[in-house]
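A.B. asks: These are the residues of each chain, in order.
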Amino acid sequence: MNRKLTAAALFLSAALFSTHAFADCDGTNDDAKRLLAEGKTFESQGKKQAALYKYEAARGYFCEKVNPYAPEAAKRAAPLALELGAAAEKAGEYDQAKQLYEAGGQYAAADRALMQKVRANADNVGSWESAVSHFENRQAEWFYSNNAEMLKVVPGYKPDPKYIAEVEGMPARALASLTKKEAAAFNEEYLREYVQVVQSTPSDTTDAAAMQRALAAHQALAQKWKGEDPIKTSRELLGQLRFWGIRADTREPEFAKTVLARTSQLVEQRASTLRQKYSGAPKLLEHAMDYYHVLGTEDSKARAEIAATKAQALKLGDEANAKQRLALAADYYSAAGQREKAQAARDRQQQLAMQKMQPTIDQARKQQEELAKQFSDPAKIEEMRKQAAAAAKAMQEHQGSAAAQAARKEANRKSADDLEKELGL
Amino acid sequence: MLKRLTLASALCLTAAVTAPSYGANLPVASVDYSADRVMQTEVGTIEGKVYSAKGKERMETTMKGMTSVMILRADKKESYMLMPAQKMYMQMDYAKAQAQSGAQPADSGVEITEVGTETIEGQPTTKYKMIMKDKSAGGFMWITKDGIVMKMDGVVTNGKDKSRMTMTLRNLQIGSQDESLFEVPAGYTKLPSMGNMGGFGAMAPGAGR
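Sequences listed follow chains A and B, in order. Positions 58 to 482 (my numbering) are the ones given, in order, by the first sequence. Positions 234 to 442 (my numbering) are the ones given, in order, by the second sequence.
Warning: the hint list may mix true and false statements.
[What the hints assert, rightly or not] Keeping only pairs whose Cα atoms sit at most 27 Å apart, straight-line, the calculated BS3-like set for lysine-lysine is:
(1) A:K478 x B:K366
(2) A:K209 x A:K97
(3) A:K450 x A:K466
(4) B:K282 x A:K466
(5) B:K393 x A:K471
(6) A:K450 x B:K320
(7) B:K362 x A:K466
(8) A:K219 x A:K174
(9) A:K105 x A:K90
(10) A:K437 x B:K320
(11) A:K334 x A:K380
(12) A:K430 x B:K423
(13) A:K367 x A:K380
(14) A:K478 x B:K395
(15) A:K215 x A:K174
(16) A:K413 x B:K309
(17) A:K471 x B:K366
(18) A:K443 x B:K320
(19) A:K423 x A:K413
(20) B:K287 x B:K309
(21) A:K367 x A:K334
(22) B:K309 x B:K282
(23) B:K360 x A:K471
Note that these hints are calculated values from the structure, not bench results.
Using the sequences and the hints given, assemble the complete structure.
C.D. replies: What follows is the structure, encoded as structure tokens:
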């Protein structure tokens, strides 16, 4: 299965990325003539980008040995590319800027746009790969033969050695940057606080006050850490580092070896710390296993460590279960992959909670029955109706007539004015 | 608006309950007592009784023979509204009951100053002036050396409306109060209260560990 996919991917890559040096010709000179004319029309209409791409196509690789339309197409493309590329670059659209510069033979500007994109994603191995590939192509003989017409219009292009040196230094810088970021992410203050919150969550779910306190503690932790999970971040950074190790292997085998060794070392360190110091939270044991997963399922040492972590979770689950900390036990069992045991612990907890709540439930039911009895008694209802009418009448009598009410209100208002003055309001 | 209502509520409550609700600058009732309470508002005169013991209050209001009772148990953080005619009661959330009764929040935004001494209903008192810090409302309070609020006179505004409210205690009797006054009488049916459904857990991440 994997082999088939790999082969398919290779074919697809070949189809997508082969350059025109090896491709079939794009058409005849008549096609080039037509493309040039279309470009001019677009340009006269102010459709500069469409014109640029038509000119680029018109100077392309045609079946005849000489393309008489290429010089004019190249000449027209160059200024358009400079103008449009600069606008895109200014807007931070570096991919588009590079494409526009390339279309008009502004290769130095295209390199600059590429480097801006690369710098913004310097920790990404894919970014490094594309830069390496770009400058390899720039130094290939076919690049100069395929773009001869364009290089006549924009002469003197050579890739900047500074860019090449910068790209060559990317792997080492990425290693330093990723390890630094990872070290910052693996925050033991967070881990200590997280374990404390988990351990202080009550076993008795019917204890509303304790549950409220636990909820507040969870919320405070989430607020302090802005809802992020620093350990997940650390793991993702190590995953990124491992990608460097795998993908840099072809071009930089020694570097790749160093990176993979460093990744394994960090994974081991992080997972061990979680298992030894922070096993009080089941989720952190799951994190420990996820660290080992970073090394890949084929890593036999990682597989053994995952099995050992599951055994540890199972043991802690049994201990929590024995102490009647059933939800905690259930989480440990889940981490250990013991689904049946986890469910049994949750069921037991539910059962205990219901037992504890039963007197309250019974009392509420009794009250409900008493009320239902009262409200189903016609004599009682009639008595209550009379009481309500009497209350309304009493209120009305107390307040007097509408005129009396208005007079009283007015007098009260004047009196309020007097008091306001006395108070100096 | 909120401040005005708070002060209005605070003034009302003063008529009914002891000083502890009024914050750190006022004396606190240090004795048990009972008294007749007369309130004069724009809707007329309302008479009632007040019973007070440490951490407990009972306020009875009678209007043309119809009585309603509120019991506040600060000691237990509980409160009850009794409906004697129906022999029913409702347990209320203490904090909500306090708010409904006008209990003053910790930071009330009220400036309190001592302005002199006067005798009210035969009781020597100290007179205090209370002004909302935004000058939107205010009033006077007369408090005995034992911290009993003998009289309160205040003006409150609510939008364009403005009203004055006065409360006076009469027939003050200092002495211990019957504990049963602060309990729900036997035979009363409890009306189900809404909310307070906590205790089932599962609302917190990792709840019930």
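A.B. asks: Run every hint past the structure and note whether it holds.
C.D. replies: Evaluated hints:
For the proposed pair A:K478 and B:K366, the alpha carbon gap of about 16 Å is at most 27 Å, so the pair holds. Straight-line distance between C-alpha atoms of A:K209 and A:K97 comes to about 20 Å, which keeps the hinted pair within the 27 Å bound. Only pairs whose Cα atoms come within 27 Å are accepted, and A:K450 paired with A:K466 is accepted, the gap being roughly 20 Å. A hinted pair counts as satisfied when its Cα atoms are at most 27 Å apart, and B:K282 with A:K466 qualifies at roughly 25 Å.
Annotation: proposed proximity of B:K393 to A:K471 holds, straight-line Cα distance about 14 Å (limit 27 Å). Distance check on the hinted pair: A:K450 and B:K320 sit about 20 Å apart at the alpha-carbon level, within 27 Å; holds. As the CA atoms of B:K362 and A:K466 are separated by approximately 25 Å, the hinted pair is consistent with the 27 Å bound. In summary, the hint linking A:K219 to A:K174 is supported, as the alpha carbons are separated by about 16 Å, within the 27 Å threshold.
At roughly 18 Å between alpha-carbon atoms, A:K105 and A:K90 fall within 27 Å of each other, so this suggested pair holds. Restraint check: the Cα-Cα separation between A:K437 and B:K320 comes to about 11 Å, which is no more than 27 Å; the hinted pair holds. Proximity of A:K334 to A:K380 is assessed by CA-CA distance (about 21 Å); at most 27 Å being required, the pair is judged to hold. Pair hint A:K430 plus B:K423 holds up; C-alpha atoms about 13 Å apart against a cutoff of 27 Å.
About 20 Å separates the Cα atoms of A:K367 and A:K380, which keeps this hinted pair within 27 Å; it holds. For the hint pairing A:K478 with B:K395, the CA-to-CA distance comes to about 13 Å; that is within 27 Å, so the pair holds. With a CA separation close to 20 Å, the supplied pair A:K215 and A:K174 stays within the 27 Å bound. Between A:K413 and B:K309 the alpha-carbon distance is near 23 Å, which keeps this suggested pair within the 27 Å criterion.
For the hint linking A:K471 to B:K366, the alpha-carbon distance of about 23 Å falls within 27 Å, and the restraint holds. Between A:K443 and B:K320, the direct Cα distance comes to roughly 14 Å. Compliance with the 27 Å bound is thereby established for this hinted pair. Only pairs whose Cα atoms come within 27 Å are accepted, and A:K423 paired with A:K413 is accepted, the gap being roughly 17 Å. Annotation: proposed proximity of B:K287 to B:K309 holds, straight-line Cα distance about 12 Å (limit 27 Å).
As the CA atoms of A:K367 and A:K334 are separated by approximately 16 Å, the hinted pair is consistent with the 27 Å bound. As the CA atoms of B:K309 and B:K282 are separated by approximately 22 Å, the hinted pair is consistent with the 27 Å bound. Restraint check for B:K360 and A:K471: the C-alpha separation of about 23 Å stays at or below 27 Å, so the hint holds.
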